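*Asks:* Listed below are the residues making up each chain.
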Amino acid sequence: MPLGADRYASRADTLLFLGCVGLSVAAMSLPDTWRDPIAQGLRQTVLAPFLALQQQTELLSAARAHYDAVVAQRDSAALAATFLPELRSENVRLRSLMGLGTRLGWGYVPAEVLHQPEPTNPLAFIISAGRQRGVRPLSAVVSAEGLVGIVSTVDAQTSVVLTWAHPEFRASAIAGDGSVSGIVAPHGAAGPGVWLLELQGVPYRQQVPDGTVILTSGLGGVFPRGIPIGTVVGLAGEAKGWERTYLIRPAIHPSALSHVMVLTGTRGSGTDIRGTFQADSVRP
Amino acid sequence: MRKTDRYRYVLVLVGLVVLHFTVRERLGGDRIAPDFLLLALLIYTIRAQPGRSAAAGFVIGLLRDALTPASFGAGALAHTLVGYLSSWAKAVFFAENVFVNGCLFFAGTWVRNLIVLVASGRLAGAQLGWELLVWSPLQSLTTAVVGIVALWLFGRWLTVRRAEA
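So the protein sequences, as listed, match chains A and B. Just so you know, the first sequence maps onto residues 36 to 319 in the numbering used here. Just so you know, the second sequence maps onto residues 21 to 185 in the numbering used here.
Bound conformation, chain A alone:
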């Protein structure tokens, strides 16, 4: 039964509503230097138990998946144990399936992605590793396929990751053969090229063929050299006689991630880690 409107037109309701709207607008207007501590405080207090709950659920889910995989591997091993050569080949296969963590060897922290159902989630998300596990601001975040983003804010238990789709993301990049260098940035929100990256600042005289693999260059010291970013899929534009911009299909979409690795170790400036990523992670 509809209820009378007169009960809901009280001045107190209106004032409370306008107050909340005002506070919301004020929150939107806050500079990053104020906004980050507030968000960090909320995550470390009110939201901490809920994030811990979400993290435990993720671990439980991963444990279930691992259990199935372990059972399958055990069955395979039991079958293969009947024949030693087959067992050896099985070992080789399992070794080849071992993940990025083994290839990296050291200086990384695995973390679960705590997705939120907001439309802007692919631009920035929370991961379940923070200061206590050695994560620091500006650490590179990768998956087995390639570059995911960069850590922007670090709490005790969690961190905020700005993905490559965030408008403020930039990375110094080179072609796989080292022939071309430039700056990688999100392509923008309009047109058919959404969720793509672009390689900016390529000298006009240099042409980059489609299918060229683009890697981080290591310049600037934020990202180690050799992390796959994506593959060139076409020309995005050119400033006449000056420079060209190329479209890049990213190696991985942020929404498709459930786990990531945060690179925490200090690698030498000349260290190239491209060999640690899957050979076909950025398939042309």
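Keep in mind that a hint or two might mislead.
Quick list of simulated restraints, FRET-style, between CB atoms [unchecked claim]:
1) N117/B to R205/A: 12 to 22 Å
2) D307/A to L47/B: 38 to 48 Å
3) V138/B to A107/A: 19 to 29 Å
4) V120/B to L65/A: 18 to 28 Å
5) V112/B to E273/A: 31 to 41 Å
6) G48/B to R240/A: 45 to 55 Å
7) A144/B to V81/A: 26 to 36 Å
8) T306/A to G49/B: 29 to 39 Å
9) L47/B to P84/A: 35 to 45 Å
10) V169/B to I73/A: 41 to 51 Å
Example chain B residues on the side facing chain A (calculated, C-beta under 8 Å, incomplete) [to be verified]:
11) F41
12) R67
13) P70
14) F78
15) S140
16) E151
17) L153
Quick look at which bits of chain B chain A covers, simulated, 3 or more residues with Cβ under 8 Å [to be verified]:
18) 83-91
19) 165-176
Since the hints were derived computationally from the structure, they do not count as laboratory data. Since we're looking at a predicted model, the values are computed, not measured. For glycine and all other residues, C-beta sits at the position ideal for the given N, C-alpha and C.
Start from chain A and add chain B according to the hints.
*Replies:* Relative to chain A, chain B alone:
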């Protein structure tokens, strides 16, 4: 309203919050999985007065903004507006009917996403169109379905009795 109903009502809301942080990710991608937190707010607005609904929306929105820093403040604004409008519209226009409540859940989710996207200004053009015309309706639909199921299961505990609320 019986005293036990009040506790059950709170239990349902707490249950939705727990579901949000536990099972939601098992129910599809981020863009289409039901939003239990928003659903809890919308169910709260069925009984609460608009001012309290706006305040609850602001608190929930601000907490969510802490989890999605790309749009800080936009969530608070969106949830405040949705909370207030839902409570107000529910009192003025809507009859007590499960289907009508489902429509309210659908519209509330879609409008929340619209306000977040517009207020944050992060997406534009085709990307905005896809979010508003494809992903948001899907998320609104799943949220509405879960809301209808919740009302069907716990309807007696969530009955609108404003004079006693």
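*Asks:* Can the hint on L153/B be confirmed by a CB-to-CB distance to chain A that is less than 8 Å?
*Replies:* With a minimum Cβ separation of about 12 Å from chain A (threshold 8 Å), the hint on L153/B is violated.
*Asks:* Could you say whether the range 35 to 45 Å given as a hint is met by the Cβ separation of L47/B and P84/A?
*Replies:* violated (22 Å)
*Asks:* Return holds or violated for the Cβ distance of T306/A and G49/B against the range 29 to 39 Å.
*Replies:* holds (36 Å)
*Asks:* Between A144/B and V81/A, is the Cβ distance one that fits in 26 to 36 Å?
*Replies:* holds (32 Å)
*Asks:* Check whether three or more residues of the stretch 83-91 of chain B sit with their beta carbon closer than 8 Å to a beta carbon of chain A.
*Replies:* Result for this restraint: holds, n = 9.
*Asks:* Is the gap between the beta carbons of G48/B and R240/A within 45 to 55 Å?
*Replies:* holds (48 Å)
*Asks:* Can the suggested window of 31 to 41 Å be confirmed for the beta-carbon pair V112/B and E273/A?
*Replies:* At roughly 57 Å between Cβ atoms, E273/A and V112/B fall outside 31 to 41 Å, so the hint is violated.
*Asks:* With chain A as the partner, please determine if F41/B meets the hint condition of a C-beta pair closer than 8 Å.
*Replies:* Where the cut-off is 8 Å and the nearest Cβ of chain A is about 4 Å from F41/B, the hint holds.
*Asks:* Should the hint that P70/B touches chain A count as held when the rule is a Cβ pair under 8 Å?
*Replies:* Since chain A brings a Cβ to about 5 Å from P70/B, closer than 8 Å, the hint holds.
*Asks:* Taking the least C-beta to C-beta distance, is R67/B closer than 8 Å to chain A?
*Replies:* At 11 Å from the nearest chain A Cβ, R67/B fails the 8 Å test, so the hint is violated.
*Asks:* Mind checking the CB of S140/B against every CB in chain A and telling me if the closest is under 8 Å?
*Replies:* The hint holds - S140/B has a Cβ within 8 Å of chain A, the shortest such distance being about 6 Å.
*Asks:* Check whether three or more residues of the stretch 165-176 of chain B sit with their beta carbon closer than 8 Å to a beta carbon of chain A.
*Replies:* violated (count 0)
Checked against the numbered hints above, the structure breaks hints 1, 3, 4, 5, 9, 10, 12, 17, 19 and satisfies the rest.
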